[in-house]
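Asker: Take a look at the letters that make up each chain.
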Amino acid sequence: MSTQLLLDGVNRSFDGFKAINDLSLTVEKGELRAIIGPNGAGKTTMMDIITGKTRPDTGRVLWNQSVDLTRTDEAGSARLGIGRKFQKPTVFETQTVEDNIALALKEDRSVWATLFYRRSAEDTKRIGELLELVKLSHVADWMAGDLSHGQKQWLEIGMLMAQDPELLLVDEPAAGMTDAETMRTAELLRQIAGKHTVIVVEHDMDFVRALGCRVTVLHQGHVLAEGSLDHVSSNEQVIEVYLGR
Amino acid sequence: MLSLIDRRMGIFLAGLFLLTVAVPAGNLVLAGQPVPSYIVALLGKYLCYALLAVALDLVWGYCGILSLGHGAFFALGGYAMGMHLMREIGARGVYANPDLPDFMVFLGWQELPWFWHGFDMFGFALLMVLLVPGALAFVFGWFAFRSRVTGVYLSIITQAMTYALMLAFFRNEMGFGGNNGLTDFKDVLGFNLQADSTRAGLFVLSAIALAAGLLVAKAITSSKLGKVLIAIRDAESRTRFIGYRVEEYKLFVFVVSAMMAGVAGALYVPQVGIINPGEFSPANSIGIVIWVALGGRGTLVGAALGAILVSIAQTLFTSWFPELWLFALGGLFVFVTIFLPQGVLGLIESRFARRRKPAAAKEASA
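If you read the sequences in order, they're chains D and C. At position 91 of the first sequence the residue is numbered 91 (this note's numbering), and the sequence of numbers has no breaks. At position 89 of the second sequence the residue is numbered 89 (this note's numbering), and the sequence of numbers has no breaks.
Because the hints were derived from the structure by calculation, they are not lab data. Mixed in with the good hints, there may be bad ones.
[To be verified] With a straight-line cut-off of 25 Å between C-alpha atoms, the simulated PhoX-like cross-links for lysine-lysine are:
1. D:Lys29 / D:Lys18
2. D:Lys125 / C:Lys224
3. D:Lys53 / D:Lys125
4. D:Lys125 / D:Lys88
5. D:Lys106 / C:Lys224
6. D:Lys29 / D:Lys106
[Stated by the list, open to error] Incomplete in silico selection of chain C near chain D, CB under 8 Å:
7. Phe17
8. Leu18
9. Arg238
10. Ile242
11. Arg245
Yeah, the Cβ is synthetic: ideal placement off N, Cα and C, and Gly gets one too.
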């Protein structure tokens, strides 16, 4: 296996507060990785750095062992093949579910290409498949704003898949979901991994257990422990951080 | 092309077509002149406003860019046309100078400033009508959108832009006639601007420009690019994260809109016979926003309708109770914002939908 993403000695502070403190992390291609950590551990900032929303003060962020991610913007990282799902589901509420997927479909993103774009039969087929995958075919012509919270989460995952990214960054996908939806989401992410690299940030321990993958514990912008869920949850420091002893 | 004309657009264009036939016919052909000449000029002016409103709706209604400076693009288009009309006066001015417009002779200038060259050619002037507003929008948008200035901050700097231009154009040294602006036009392409036939021709051209503007805007908004614009309006950062360079899309639509506003200004000036720095006034730009909000934001046709309705109301009101107009406009704006969030067009359409629905329900039960 080769390395998909490498963070090496990354630092980032906001007004003196060190949100990311000498963070080093390696994720292999096709891996499913869960990142856990208490509030303020730097999870979101880490995602912002990977997607080019925030620039690190120091340190290296390498994509596919070659591309420097500290020089890209959000659109640039998306074009490289990094897809991001927000914690709060953000879909295009005043457009149909189908259009939401169509907008995310991997195509030329330039202004002219988009202006003169005509949907091909192939694209239509792909949109149909994606709607099937996220079980939204029956509401394809609904406004995305009319979907339930869980459906919006799924639509957003569908949009991520439409981008056909190499790496998916998924921020708390189970937040606000019912238990059944949570388990289905875990199953979907396990399916996706292998073909794609997936990094999941999560609070819900049942969900992380259902993912059954390698876990990284973040604390104060630094990696505290890494390994299987059982391994890290027996770690003294992790228990201390989580239970506040 | 035909696919662009939905029900809403079809009805509006049909109405516009009837007006375009009826008004010149009533003015030039029918006996007794049922449509007086001043009405032709007045209606032509409204159509220019309608095109300006469509231009603003394109950026505001679809992409969420609330420009409070769109009057500047309108005025620049108007000045470009006004400069041509000034050059066409030639030696017929008060000072009979074949090259210099009257105000330059009055200021004691010896030769034409460099930026006035070329405007003697109609084609060059037309090009400038598009290029000058387009270039300003490009430069302004390049910096603003790249620096991710959005929301209220963007609105404020667009307002500052038009205010700064107003102050600049007020200065005599700028070379655009200062306070008085450009006026006393004689003819355009050899047609006397005072003649009824010329006025009718300008009216028809304004109607064609409005129809074309509506169709261009409709083509843009119904393309995939239009969906990206709406995506930017509703969830800008989401749009970035799926790989669209938001600033490029904003820049594109802002420039197209500015050019459309420029065309509206260029058609406006020969019909009202003057362009002065007052057209840059921030209040004008806010007026455009009110037209669009009243008519129905994000509908194009609604914007055009709003501009026409408010302008008619303004004309009537200012002749009946001149001092009350601004209060009435303000009241109307508050009323529409609170009670008609979809604007006048939304009200009309929901009325029709309600009337049709019970009928359909009855049929179903029968």
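Asker: Now tell me if each hint is right for this structure.
Answerer: Quick rundown of the hints versus the structure:
no.: 1; hint: D:Lys29 / D:Lys18; in the structure: 29 Å, violated
no.: 2; hint: D:Lys125 / C:Lys224; in the structure: 17 Å, holds
no.: 3; hint: D:Lys53 / D:Lys125; in the structure: 33 Å, violated
no.: 4; hint: D:Lys125 / D:Lys88; in the structure: 29 Å, violated
no.: 5; hint: D:Lys106 / C:Lys224; in the structure: 13 Å, holds
no.: 6; hint: D:Lys29 / D:Lys106; in the structure: 20 Å, holds
no.: 7; hint: Phe17; in the structure: 28 Å, violated
no.: 8; hint: Leu18; in the structure: 32 Å, violated
no.: 9; hint: Arg238; in the structure: 4 Å, holds
no.: 10; hint: Ile242; in the structure: 5 Å, holds
no.: 11; hint: Arg245; in the structure: 5 Å, holds
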